[in-house]
Amino acid sequence: AQSVSQHNHHVILSEAASLELGCNYSYGGTVNLFWYVQYPGQHLQLLLKYFSGDPLVKGIKGFEAEFIKSKFSFNLRKPSVQWSDTAEYFCAVKGYGGATNKLIFGTGTLLAVQP
Amino acid sequence: DAGVIQSPRHEVTEMGQEVTLRCKPISGHDYLFWYRQTMMRGLELLIYFNNNVPIDDSGMPEDRFSAKMPNASFSTLKIQPSEPRDSAVYFCASSRGLGVGEQYFGPGTRLTVT
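Just so you know, the sequences run in chain order A and B. Here the first sequence is numbered in this note's numbering, starting from 136 and rising by one per residue. Here the second sequence is numbered in this note's numbering, starting from 20 and rising by one per residue.
Calculated from the structure, these hints are not laboratory results. Predicted model, so just to flag it, every value in this text is computed and none were measured. Treat the hints with caution; some may be incorrect.
Pulled a few chain A residues facing chain B out of the computed Cβ check, cut under 7 angstroms [to be verified]:
id : residue
1  : Leu179
2  : Leu181
3  : Thr242
4  : Gly243
Backbone N, C-alpha and C define an ideal beta-carbon position, used for all residues, glycine too.
Start from the sequences and build out the full structure, keeping to the hints where you can.
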């Protein structure tokens, strides 16, 4: 069965600090990988996604993530965070192929950026 | 497009009452998903539909929960009878197609059962 682990549950950074949020997944086949963001009081929005090709994926608002197949990882990065990046970040995985469109989410990482 | 629409946005009810949450997916999307978000368990998939047919309801916690999708533009999630432990934010999401379908989430319904 697919599973997703986000090891950082709560991260506190100062503005301009660099960010890296860890995500590891468990699945034996080809996967599609996603990062969603949930700003305070809002619904989930897609930040970026990986389907195939270049393992370094760039998303909105300066975020990027790197798919490392050998490590089953899809870590999210941003070189310089802003106060407005305060939100909860969810990694998600979907097994590719077969009659399924089921996303498995990690438990989320709450990021607080201090001005 | 208006995006995924959910109603009500907030619901407060007493234990034992029936609760019905509603969702209108994005037009043209053939998949619809119901999720529950709590502090303790994070974001859990409850059930999803493809072309109005339930495909996987393994996440539905118990028989008190039921979901229907009578047509391509409407779905309901019903809890009867409700219990305090059902308090959570319930999200509806929709997507187009298999494989690469990104899921678009609605604003959620915050349910409080007292």
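Hint by hint, here is what the structure shows:
no. : hint   : verdict
1   : Leu179 : holds, 4 angstroms
2   : Leu181 : holds, 6 angstroms
3   : Thr242 : holds, 4 angstroms
4   : Gly243 : holds, 6 angstroms
Going through the hint list in order, the structure satisfies each hint without exception.
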